[in-house]
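Take the sequences, apply the hints, and build the full model.
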Amino acid sequence: MTLTTDKIDDRDGDAPRRLDGPASSAAPVSASTYRRILRRETHSSRSGAAVVFLIVLLLVAAYVGTEAVYAALNRKPLLFSPTDVLSTLVSAVSTEGGLVLAVGIATGVLGIILLIIAFTAGRRGRHTVDDSRVAVVVDDQVIAASLAHRARLAGSLAPGQVNAWVARSHARITVTPASGAAVDEESLLAASRAELDGVAYRPAVIPTTRVTPSGRLGA
Amino acid sequence: MTTSNRFLNRLFLAVTGLIVLAVGVFLVLVALPGNVLLSWTKSARGQVATSLRDTPLTGFGATGGSWLTGLLAVLCLVVVIVALVAIFTRGRGRIDRILESDDTSGRIEISSRFAETAIVDALSDRRDVTSVAVTAYRLKKAPALKVRLRVTAGSSPKPVIEAASGVVQGLDRVLGEDKLIPVLLEVVGASAVRPGADSRVV
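These protein sequences, in sequence, are chains A and F. So in UniProt numbering, spot 171 of the first sequence is number 171, and the numbers just go up one at a time. So in UniProt numbering, spot 126 of the second sequence is number 126, and the numbers just go up one at a time.
Mixed in with the good hints there might be a few duds.
To be verified - Label-pair ranges, simulated between beta-carbon atoms:
| hint | chain 1 | residue 1 | chain 2 | residue 2 | range |
| --- | --- | --- | --- | --- | --- |
| 1 | A | Ser87 | F | Val25 | 17 to 23 angstroms |
| 2 | A | Ser156 | F | Glu100 | 53 to 59 angstroms |
| 3 | A | Val52 | F | Arg148 | 40 to 46 angstroms |
| 4 | A | Leu78 | F | Glu109 | 53 to 59 angstroms |
| 5 | F | Val25 | A | Glu186 | 53 to 59 angstroms |
| 6 | A | Leu189 | F | Ala22 | 48 to 54 angstroms |
| 7 | F | Leu77 | A | Thr120 | 19 to 25 angstroms |
| 8 | F | Val85 | A | Gly98 | 38 to 44 angstroms |
| 9 | F | Ala44 | A | Val109 | 23 to 29 angstroms |
Unchecked claim - Negatives, chain A to chain F, calculated, CB over 12 angstroms:
| hint | residue |
| --- | --- |
| 10 | Asp84 |
| 11 | Gly108 |
| 12 | Val138 |
| 13 | Pro177 |
| 14 | Gly180 |
| 15 | Ala204 |
| 16 | Val211 |
As the list claims (entries may be wrong) - Stretch-level coverage of chain F by chain A, calculated; a stretch enters the list once three of its residues show a Cβ under 8 angstroms from a Cβ in chain A:
| hint | stretch |
| --- | --- |
| 17 | 143-153 |
| 18 | 176-189 |
Hints were generated in silico from the structure; no laboratory data involved. A virtual CB, placed ideally from N, CA and C, is assigned to each residue, including glycine.
What follows is the structure, given as structure tokens:
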């Protein structure tokens with residue numbers, strides 16, 4: 001089967017999203033659906049952390065449940081009976097007060113970490129790109145690689161000489177020049193800007209360049 | 001993929017965090033010298049011992065233990081079951097039909113393999129694409145496609161995105177344009193083995 005892969009016209013980088021592509025006249029994909037998809041793809045689901053703590057909870061509950069059965073049957077506990085928690089705590093405070101304090105602080109820090117995981121946005125290193133038909137997310141790694149490539153071509157540099165790093169709203173391109181050779185920073189910056197403007201990422205990425213103070217021989 | 005409830009994930013983490021934080025604060029306060037919480041703990045210890053003594057298991061299961069600990073065991077069992085269900089219902093949502101339509105002449109079903117093969121075939125010949133993976137999943141009770149494109153290191157994502165968009169529009173023409181399938185295009189970087197590696201060939 002062959003699919004037509006004719007390109008659609010280039011649009012300006014800042015043109016608003018048109019959901020009805022040139023090929024379709026009716027019932028485009030609703031903007032809210034794509035908003036939802038893109039939000040899910042650019043933010044962490046926190047599933048990993050939730051699963052880790054569900055497993056911890058599961059293990060703790062399984063152990064406490066087993067010990068509770070032993071206590072209900074009036075048997076000797078396997079390791080530690082849940083009915084002895086408070087008396088152990090009281091005796092521990094009088095004999096090992098520092099240990100209880102340390103455990104309390106560690107537990108409190110773990111709780112704060114959990115709350116931070118729960119309430120921070122959890123953005124993944126991704127940018128979205130507007131398209132007339134599909135929802136697009138691009139890994140920051142791809143953006144950095146393309147920037148490094150463009151900058152390297154613009155400056156006629158060797159592969160190891162350019163390093164790019166992309167954050168949410170800015171990118172930094174680090175150039176290590178060959179010793180004794182000047183680097184045309186302006187042209188590198190212009191090339192990176194052209195690359196970024198050509199794709200029109202959201203949120204927009206502003207590039208900066210940095211030339212390392214010490215060059216490298218044989219680069 | 002689309003069934004894990006993100007709000008519940010965060011709610012679970014927040015509640016667990018609050019409980020863990022409260023336990024930590026309690027331990028710190030008890031351990032601090034001259035605190036009233038220690039005497040409170042002592043009296044609580046006495047009350048726990050009393051209530052355990054006052055609630056013996058009776059009937060044929062009389063073992064000398066308290067039914068409160070039996071209740072605790074049942075509670076723990078419930079927690080274990082809920083946690084197991086929560087863990088194993090994650091990552092669902094994949095489907096194998098992208099189009100189901102009841103017509104007067106009969107029912108039409110199009111397998112998601114059709115869209116997957118079509119998109120993979122149309123894009124995998126590109127030199128700036130190293131691999132294409134397509135999955136269909138359920139979103140808001142309707143099918144949706146996810147196209148994962150791995151591009152070669154250093155290539156600009158723009159031409160790839162345009163080509164993929166064109167391919168999807170071609171697919172629209174085949175599948176019918178009255179109800180478009182939401183498509184997510186995910187452009188990811190070079191090989192996982194050499195993350196961020198630049199290409200040797202310009």
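Hints and how they fare:
{"no.": "1", "hint": "Ser87(A) <-> Val25(F): 17 to 23 angstroms", "verdict": "holds, 21 angstroms"}
{"no.": "2", "hint": "Ser156(A) <-> Glu100(F): 53 to 59 angstroms", "verdict": "holds, 56 angstroms"}
{"no.": "3", "hint": "Val52(A) <-> Arg148(F): 40 to 46 angstroms", "verdict": "violated, 25 angstroms"}
{"no.": "4", "hint": "Leu78(A) <-> Glu109(F): 53 to 59 angstroms", "verdict": "holds, 55 angstroms"}
{"no.": "5", "hint": "Val25(F) <-> Glu186(A): 53 to 59 angstroms", "verdict": "holds, 57 angstroms"}
{"no.": "6", "hint": "Leu189(A) <-> Ala22(F): 48 to 54 angstroms", "verdict": "holds, 52 angstroms"}
{"no.": "7", "hint": "Leu77(F) <-> Thr120(A): 19 to 25 angstroms", "verdict": "violated, 34 angstroms"}
{"no.": "8", "hint": "Val85(F) <-> Gly98(A): 38 to 44 angstroms", "verdict": "holds, 41 angstroms"}
{"no.": "9", "hint": "Ala44(F) <-> Val109(A): 23 to 29 angstroms", "verdict": "holds, 25 angstroms"}
{"no.": "10", "hint": "Asp84", "verdict": "violated, 9 angstroms"}
{"no.": "11", "hint": "Gly108", "verdict": "violated, 3 angstroms"}
{"no.": "12", "hint": "Val138", "verdict": "violated, 4 angstroms"}
{"no.": "13", "hint": "Pro177", "verdict": "holds, 17 angstroms"}
{"no.": "14", "hint": "Gly180", "verdict": "holds, 24 angstroms"}
{"no.": "15", "hint": "Ala204", "verdict": "holds, 15 angstroms"}
{"no.": "16", "hint": "Val211", "verdict": "holds, 18 angstroms"}
{"no.": "17", "hint": "143-153", "verdict": "holds (count 4)"}
{"no.": "18", "hint": "176-189", "verdict": "holds (count 13)"}
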